[in-house]
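K.L.:
Assemble the complex: chain A is given as a structure, and chain B must be docked to it using the hints.
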Amino acid sequence: MGFVLLMIGGILDNPPDILLFLGRFHPVVVHLPIGFLIMAILIQMASRWPKYKPLAIYTPLAWFMGAVSAVVAVIFGYFLSLSGDYDEDTLFYHQWAGIAVMFLSFGCYFINKKWNNSLSVPKWILVFLIGFLLMYTGHLGGNLTHGSTYLWQYAPNPVRNMAGLPSKMEPRKKVAVLDSADVFLDLVLPMMQSKCVSCHNEGKKKGGLMLTSYEMMMLGGESDNTIVPGDALKSELVRRITLPMEHDDFMPSEGKLPLTDQEVVLIKWWIKMGAPSSGFVTQLDTEKSLSSLVSNYLGLDKNNLFNNKIPPPDRAVVDSLISRGFVINPLMKDNYFLDANYSLSEYTLKASDIDVLLGLKEHLVWLNLGNSKVKDAYLEKIGLLHNLVKLDLKGNEITDAGLKSLSQLENLESLNLYGTKVSKGILELVPQLTKLKKIYLWQTEVKKETIIQLEKENPGLTIIYERE
Amino acid sequence: MGHHHNTKPRVISRREMLGLSAGGFGSLAFMGLFGTLPFGCKRASHLETASNLYLGPHYLPKAKNVIFLYMDGGVSQVDSFDPKPRLTRENGEDPRKKFKVDATQFDNVGKILKSPWDFKQYGECGMPVSDLFPHIATCVDDIALIRSMVSNFPEHTNANYFLHTGSGLQGRPSMGAWMNYGLGSENKNIPGYVVLDGGLVPPGGLDNFKNGFLPASYQASVFKSGPEPVANINPREGIKNLQEEKLQFIKQLDSSLIGKIGEADAVESAISNYELAYKMQSSIPELTEFKEETEATKKLYGMDSDDPNLRGYASQCILARRLIERGVRFVELTCPNVGPGVDRWDQHSNLKKGHEKNAHAVDQPIAGLLKDLKSRGLLEETLVVWTGEFGRTPFAQGSDGRDHNPSAFSMWMAGAGVKGGTIFGKTDEYGYRVIENEVTVHDLHATIMHLLGLDHKQLTFRFGGRDMRLTDVHGNLVKDILA
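These protein sequence lines map, in sequence, to chains A and B. FYI, the numbering for the first sequence is 1 to 468, going by the numbering used here. FYI, the numbering for the second sequence is 1 to 483, going by the numbering used here.
Treat the hints as calculated values from the structure; they're not laboratory data. Each residue gets a CB set at the ideal place from its N, CA and C atoms; glycine is no exception. Do not take every clue at face value.
Pairs of lysine to aspartate or glutamate residues, derived as DMTMM-like cross-links and limited to a Cα-Cα distance of at most 20 angstroms, are as follows [said to hold, decoys possible]:
hint, chain 1, residue 1, chain 2, residue 2
1, A, 447, A, 457
2, B, 279, A, 346
3, A, 421, B, 292
4, A, 404, A, 355
5, A, 333, B, 455
6, B, 479, A, 355
7, B, 352, B, 131
8, A, 361, A, 413
9, B, 224, B, 289
10, A, 174, A, 346
11, A, 333, A, 380
12, A, 195, A, 179
13, B, 371, A, 468
14, B, 357, B, 304
15, A, 438, B, 124
16, A, 373, A, 397
17, B, 419, A, 413
18, A, 373, B, 292
19, B, 299, A, 468
20, A, 437, B, 141
21, B, 299, A, 466
22, B, 457, A, 334
23, B, 426, B, 480
24, A, 268, A, 319
25, B, 298, A, 466
26, B, 291, B, 372
27, B, 279, B, 244
28, B, 479, A, 287
29, B, 62, A, 334
30, A, 438, B, 372
31, B, 114, B, 131
32, A, 234, A, 222
33, B, 479, A, 261
34, B, 371, A, 466
35, B, 419, A, 287
36, A, 438, B, 141
Covered stretches of chain A (in silico footprint by chain B; criterion: 3 or more residues with CB under 8 angstroms from a CB of chain B, positions within the stretch not fixed) [as the list claims (entries may be wrong)]:
hint, stretch
37, 327–334
38, 413–419
Next comes chain A alone, as it looks inside the complex:
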């Protein structure tokens, strides 16, 4: 029966959708004969023992169910093969081994049914042959679906070598700093591996396209414009991943996880830059337009303070600070970072106020103590507010002695010391504040030569020390 269908099917160059649709059921249906046949083999063997002897009468039935379901699986398998997306060699062996299993199962059924006691030797040969073919066919089927390397991907190296595969490649080290990120190896290739290669591999070249290596990607598939270096919009790959999801051509197809917006931006950019096979992101991205996106994509901005989720602040501490004259403001809706401002207060700042402030150590990122009679001694505690990004100390009588205490503020980006008594001490402080971008030193005791030295030693730092 299978043959007849095969013959008819052979003429079908343009298979109707309904056949392809049924073909997609092959992976489901195929597990029925697998189950029945394994059961048949087990019953066959078990019934040799006296204890299980009564099972013997079910042997023909098990073989029969295995054989019939194999027919269905073979037909559906043939339908699936009509899509032509599979590696031809593997498909050939898979198909004929499957058909062999089907016929041999019928054979076993008849042997068990008719000549149960006479053909003992050929029967056992047949049983073990079916067992072997079943595994072989199943393995090839797996290769067709997942690619021939799928099974061995995580195998220990000796096993891989036995299978004729090279030892596992050292997994590429996770990028630790943005400067070491490679545009292909760290961005494009991992994206392909996680989202695309399950259908575009050696075994299952959908659309004739393999996305397993740079060479294969550039070789393209059925369309010769898969990747057009320098022109993302002309590249078929970009068109496919940016179509509306319900479009027939949208990739990844079949409801597999689509590429994220970030990934699309990165792929487009990679192609726009000429789709190089390697190259450091930071060198290619001369305008630094992508650095924050790439950092985020590679998870490098975890040490960006604002990406940390912090717990809600202690209500009592906030209320206490408000009653002491602070204005406390939230700074974002979905996190609890806070801004504290004392510069508008009617009271005089006391050392105990600063102690209370420490209760919001994790939350305070902006602190304005401008014109608040801050003393050098207070800075010791203020220096413990390690999440501060902005610190405004203008108009306070603080000196170099107090500045020393601020050296641990590793997140500080802006420091306002306008109108304070600081002088040379900033030379020592500033290099310790690695994230500092702006420092205000107008009307301090910092001399011009100190400013020049500071500028020289800290390129990139904006120093505002005069009113033009």
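P.N.:
Then chain B, alone, in the frame of chain A:
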């Protein structure tokens, strides 16, 4: 008291301290979070609706305050920030032979009119600025210029409402009101939205500065220039207690009314307004007497000028800085009255004289403001916005004026979160229409809100059955000018 005493930053004076302590009530807590309530607002009931459980920025803000320098009447873009050499080459030719001329307000289309001013490049960025603004030109590296602004209205009143409220019709809340609604005000003794009246109230009147459907507390307080910026700020009663007793009596009457009619925003706001007015009697004089301002500072803004208009605007700019220092959220400066014969920036005739007088009055004070803010570290948390309501035509109205042009105008922003030294957008070769990166007033509003940490789509107020926004259903961020 060293010899450099006069350059010290301000410290809180006794009077100021008294003024601030009159506030006293810290900030009200509500809905598990905390934030500062708007000036004059005792209840947050209007915030306690499901959509508004939160008061404060939606995401980390770049700016805390806005100084809005309103160039009333419409500055000519081709004479200020958008040089067009072609106008010089084709000066005196008929514009209708060159391009399609839209209907103008006065239908008196003259010849193509070259700019009477030369442009020079300034700063590291090389931004061209006309000779009208030699002082602002020294600040271009802190300025993000947008040359592709458009307005929906070719006429002052509507265009003013549009620029201020996002709607061309009267009655919507002004952006200063929206900012205070979204963020509250940090100072309890000074309104969170202050308009410094330089002498000219823009066409459309006070409705440009109103709260609209937002609670009354959010409307602007208009400070006049001169010795008494707020009417009756000095008590009229000879005996101090007399005033207090009067206020107490009024409060009693009002409270009993509330007892009868239930919660009434207007009455409650009136009560708190009286209380605030009382507090302001000490906070405002301290604010407006520039006692701690040094001579150097006053000079920087141009307080020593011979031009009374410049002196006036300079003092408004200093006052604006002082307001920002005190946590006032939104300060708008209107233009000085440089007349006679000059109606704001609205030079339908006599462009040269009119623009020169106006520019002279505002140029040095604005540059002084930018530099002063920067040196004190305030520019980092303050957004300075400079704009008119629309631009002017590249061809003459009559022989020496320019008519209204809503199809293109230039504006700039400086300070917190904007990329200094950028030029965004492009007009055609005549500066008549935008040809690249058009920016609408809604886009501008969305961008200003963004810099304050507000998502213009999230900040809504339910009115008339709809969640209203400053940007209505419009507005896209102008990302290219963000730092």
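K.L.:
Against each hint, give a clear statement of whether it holds in the structure.
P.N.:
Comparing the hints with the structure gives:
no.	hint	in the structure
1	A:447 to A:457	holds (15 angstroms)
2	B:279 to A:346	holds (13 angstroms)
3	A:421 to B:292	holds (19 angstroms)
4	A:404 to A:355	holds (19 angstroms)
5	A:333 to B:455	holds (11 angstroms)
6	B:479 to A:355	violated (41 angstroms)
7	B:352 to B:131	holds (12 angstroms)
8	A:361 to A:413	holds (17 angstroms)
9	B:224 to B:289	holds (14 angstroms)
10	A:174 to A:346	violated (53 angstroms)
11	A:333 to A:380	violated (31 angstroms)
12	A:195 to A:179	violated (25 angstroms)
13	B:371 to A:468	holds (7 angstroms)
14	B:357 to B:304	holds (17 angstroms)
15	A:438 to B:124	holds (19 angstroms)
16	A:373 to A:397	holds (7 angstroms)
17	B:419 to A:413	holds (17 angstroms)
18	A:373 to B:292	holds (17 angstroms)
19	B:299 to A:468	holds (12 angstroms)
20	A:437 to B:141	holds (17 angstroms)
21	B:299 to A:466	holds (15 angstroms)
22	B:457 to A:334	holds (16 angstroms)
23	B:426 to B:480	holds (13 angstroms)
24	A:268 to A:319	violated (51 angstroms)
25	B:298 to A:466	holds (16 angstroms)
26	B:291 to B:372	holds (17 angstroms)
27	B:279 to B:244	holds (11 angstroms)
28	B:479 to A:287	holds (15 angstroms)
29	B:62 to A:334	holds (17 angstroms)
30	A:438 to B:372	holds (16 angstroms)
31	B:114 to B:131	holds (14 angstroms)
32	A:234 to A:222	holds (15 angstroms)
33	B:479 to A:261	holds (18 angstroms)
34	B:371 to A:466	holds (9 angstroms)
35	B:419 to A:287	holds (14 angstroms)
36	A:438 to B:141	holds (16 angstroms)
37	327–334	holds (count 7)
38	413–419	holds (count 4)
Of the hints listed earlier, those the structure fails to meet are numbers 6, 10, 11, 12, 24, in rising order.
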